[in-house]
Amino acid sequence: MALINIKIEGIPYQVEEGLTILEAAKKCGYEIPSLCAYNHGECNRGSCRVCLVEATGARGLVASCVYPVNEGMEITISSPAATKARRASVELLLSNHNRNCQECDKNEKCELLHVARLTGAREGMFQGSQTPTTFDDLTPSIVRDTSKCVLCGRCVTRCQNAHGNGILGFENRGFNTIVGPAENRSFIESPCIMCGQCINVCPTGALMEKSEIDKVDAAMAAGKYVVVQTAPAVRAALGEEFGMKIGTPVTGKMCAALRRLGFKKVFDTNFAADLTIMEEATELLGRIKNGGALPMITSCSPGWINYAEYYYGDQLDHLSSCKSPHEMFGAILKSYYAEKIGVKPEDMFVVSIMPCSSKKYEEQRPELETNGLRDVDAVLTTRELGKLIKRSGINFTKLPDEDFDQDIVHDYTGAGVIFGVTGGVMEAALRTAYFVLTGKEREGVVFNEVRGFESIREAEFDLAGQKIKVAVTSGMKGAKVLLDQIREGTSPYTFIEIMGCPGGCINGGGQPYVREAFLPNEDDDILDTYQAKRAAALYSEDERQELRQSHRNAQVKALYDEFLGEPNSHKAHELLHTTYNKNRERFPQK
Amino acid sequence: MAHLSEAAVAKINEICDRYEGEKTPLMMILSDIQKEYGYIPLDVQQIVSERTGVSVAEIYGVVTFYSFFSLKPKGKFVIGCCLGTACYVKGAQQVIDKFSEILGIKPGETTDDGMFTIDALRCIGACGIAPAVSINGKVYPKVAVSAVPGIIDELRAQGEE
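If you read the protein sequences in the order shown, they are chains E and R. In this text, residue positions in the first sequence follow numbering that gives the first Met the number 0: the first is 0, and each later residue adds one. In this text, residue positions in the second sequence follow numbering that gives the first Met the number 0: the first is 0, and each later residue adds one.
Check each hint, because a few of them may be wrong.
[What the hints assert, rightly or not] Label pairs and their calculated CB-CB ranges:
hint, chain 1, residue 1, chain 2, residue 2, range
1, R, E21, E, K83, 43 to 51 Å
2, E, E453, R, E21, 28 to 36 Å
3, E, P67, R, F64, 26 to 34 Å
4, E, R98, R, C126, 28 to 36 Å
5, R, V88, E, N582, 54 to 62 Å
6, E, A80, R, Y87, 48 to 56 Å
7, R, Y87, E, Q13, 31 to 39 Å
8, R, I134, E, Q101, 51 to 59 Å
9, E, A292, R, M26, 55 to 63 Å
10, R, F64, E, K83, 55 to 63 Å
[As the list claims (entries may be wrong)] Pulled from the structure, derived: some chain E residues nowhere near chain R, Cβ distances all over 12 Å:
hint, residue
11, G40
12, E107
13, R121
14, V155
15, H162
16, G165
17, V178
18, E182
19, E211
20, T247
21, R259
22, L293
23, P294
24, Y335
25, R441
26, E487
Honestly, the hints are just simulated from the structure, not real lab data. Positions of the beta carbon are idealized from the N, C-alpha and C atoms, including for glycine.
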């Protein structure tokens, strides 16, 4: 890349050609206040006017997030005209903003408040009309409050980038513009998959997860036997809520914190991930043997399930019938485990800590109920767990490292841990499929071919003479490609793993916010690297496990021996498998 | 899309076919549909979305951005009152208010019998004959408030023919 000469505040610098002023200034050590810009170019609409600077050769002030640097350009960030203009931009945004900052859940993570502070915005400088607002909390997953929206468009871009045909857009015109699903519908009346990627990029409190902390409080107060389970991706990110570096695994402290929060038992969803593999691998081999619908597609991600039901209702027989791991675990806890410890299933309350907003929707699906009892009673996101811990006066970083409760359902293998990252379910399934087909363990448990972050990865394996071609994708853009192949009858694959969020659960819609403004100790490229860093935390935990294949989990074996019989048995089907809804309307008549 | 007739679906597909190969066909498709049916409801937008790959949310955004597009059926007679600067200073506000008063609807609304829609327009480029009213493409020059009842009667008579 060619270098060009620019000056910032009169000081000469050499920077790469093609950068925006905002990026170039950052490389030279300047932090221009900015709001709508996100991750160098993922979303740059120049819409918020918070990053205005003076640049020679330009008429008036320019939005530095979209204006490219050129040879000889002299940039002034600190001139009175520029600082006043930036401040006025923020004051104008604030004049049409619901300023209940104290109670706002994005407090401490709000980028509008951050730029207000940086620019020195003053209170009540502009007073006038307010844009009519919409408050949508009809879904169990996502709350949209347009009174907090700054129209930056990050959510619109992220939704489209991740899922192709996005469901959020700008509507109406001028001062009446809002962002929402078509017709300003609720998310529940649109084909939103509730993945929560929009929440993760929203700079303000306009998009938030729907909290279920009250439900957990009520269960505790009612004296229920409250059991908690944590998904693998949570431990790879929870530390971020307490200022720890991205990628720090906090399994031990998380267990300690959950115990101090009053949960009767602290379990790992990984146990059920191993169980899922036993069911799913058996199901796959059964389909291969008996001519069932192939390729078979994983069913752990509720965002993906929503998408499949909305757009590929005619292809649902390709989905594995396995419930997702935490739902399986709920069903086992309220049957096998409740019986063992002598607790009535109806007195048990199962809480899942998930990296996911879509799991909140899944939790309420009518299909996921056994003997009239919900398999899982409440789902909290990683962020909500962070809040719970802070609220309870627990100093997370000072906690000792503890372990999950040692009981008949606590064991887990490395295969379960990697469920949290794209390619992980596939790799875990392959480890066990190899054993089932060949009767022996494969040399080297790692399947590198299915790891990584490219949109679609494919690989072919020879499992005891059985050629298996597989594909892995995350985000619905890739899913559409693979599903269209299936619909057209050209899919070359036997087994496909699909996760709703790009990168998998480690980048789920319930994970801690990754905001450069609040991460002064992370590298400049953190928005490009945080997924890999969180994934590395999971892969390293996999490596530390003595057992790394689901079928070697002794407690899962015992569960089959004592209770379920064998994988895909009648009882296993009753408790661990589910059905899907092929009649979900994308835009139901109101 | 349960309540769209087969003929309507075929027609919308035919309109989409017209712009096959165009890089950005959306505006042209919507414009043709607007002319054909007088409005572009959500289930029609869904068909256009599937055909063009543009999300329903974005199409809805375009339809609500341009006042030329409409989400609801318009009346048999669309009374477009110019409220541009020249017409405004010549009393266009009183003219549109009179239409509203007699028909009992606000600008942007349609009468229950489906006969009349009132639209408030920005400058239609007929400043020399202000205040101007454009009804189904026919321009009425220098409309006085007192002429409004007569215009409505004339249109009603036409509509009942």
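Tested hints:
For R:E21 and E:K83, the hinted distance range of 43 to 51 Å is satisfied, since their beta carbons lie about 45 Å from each other. Against the hinted window of 28 to 36 Å, the Cβ-Cβ separation of E:E453 and R:E21 comes to about 31 Å, which satisfies the hint. Judged by the Cβ atoms, the range 26 to 34 Å given for E:P67 and R:F64 holds: they are separated by roughly 28 Å. Evaluation of the 28 to 36 Å hint for E:R98 and R:C126 yields a failure: the beta carbon distance comes to about 44 Å.
In this structure the hint that R:V88 and E:N582 lie 54 to 62 Å apart at CB holds, the actual value being about 58 Å. For the pair E:A80 and R:Y87, the supplied restraint of 48 to 56 Å is violated, since their beta-carbon distance comes to about 35 Å. In this structure the supplied range 31 to 39 Å is violated for R:Y87 paired with E:Q13, their Cβ-Cβ distance being about 56 Å. For R:I134 and E:Q101, the Cβ-Cβ distance of about 55 Å falls inside the hinted range of 51 to 59 Å, so the restraint holds.
Distance hint for E:A292 and R:M26: a CB-CB separation of about 42 Å, inconsistent with the stated range 55 to 63 Å. Between R:F64 and E:K83 the C-beta distance comes to about 31 Å, which lies outside the given range of 55 to 63 Å. Interface exclusion of E:G40 from chain R stands, the closest Cβ pair being 19 Å apart, more than 12 Å. The Cβ of E:E107 sits about 30 Å from the closest Cβ of chain R, beyond the 12 Å cut-off, so the non-interface label holds.
Consistency note on E:R121: stated as away from chain R, and its beta-carbon is indeed over 12 Å from all of that chain's, at 33 Å minimum. Some Cβ of chain R comes within 12 Å of the Cβ of E:V155; the nearest lies about 8 Å off, and the non-interface call is violated. Residue-level check failed: E:H162 sits 9 Å from the nearest beta carbon of chain R, not beyond 12 Å. Annotated as non-interface, E:G165 brings its C-beta within 12 Å of a C-beta of chain R; the closest such distance is 5 Å.
Annotated as non-interface, E:V178 brings its C-beta within 12 Å of a C-beta of chain R; the closest such distance is 9 Å. Taking the minimum C-beta to C-beta distance to chain R, about 6 Å, the non-interface status of E:E182 is violated against the 12 Å cut. Separation of E:E211 from chain R is adequate, the least Cβ-Cβ distance of about 28 Å exceeding the 12 Å criterion. With a closest Cβ-Cβ approach of about 37 Å to chain R, E:T247 is found to remain outside the 12 Å limit, as its non-interface label requires.
Separation of E:R259 from chain R is adequate, the least Cβ-Cβ distance of about 44 Å exceeding the 12 Å criterion. Listed as outside the interface, E:L293 is consistent with that label: its C-beta sits roughly 27 Å from the nearest C-beta of chain R, beyond the 12 Å cut-off. With a cut of 12 Å on Cβ distances, E:P294 stays outside the contact zone with chain R, its closest approach being about 24 Å. Interface exclusion of E:Y335 from chain R stands, the closest Cβ pair being 45 Å apart, more than 12 Å.
No beta-carbon of chain R comes within 12 Å of the beta-carbon of E:R441; the shortest separation is about 42 Å. Every CB of chain R is more than 12 Å from the CB of E:E487 (nearest about 16 Å), matching its label as outside the interface.
Hint check: violations occur at hints 4, 6, 7, 9, 10, 14, 15, 16, 17 and 18; the rest are consistent with the structure.
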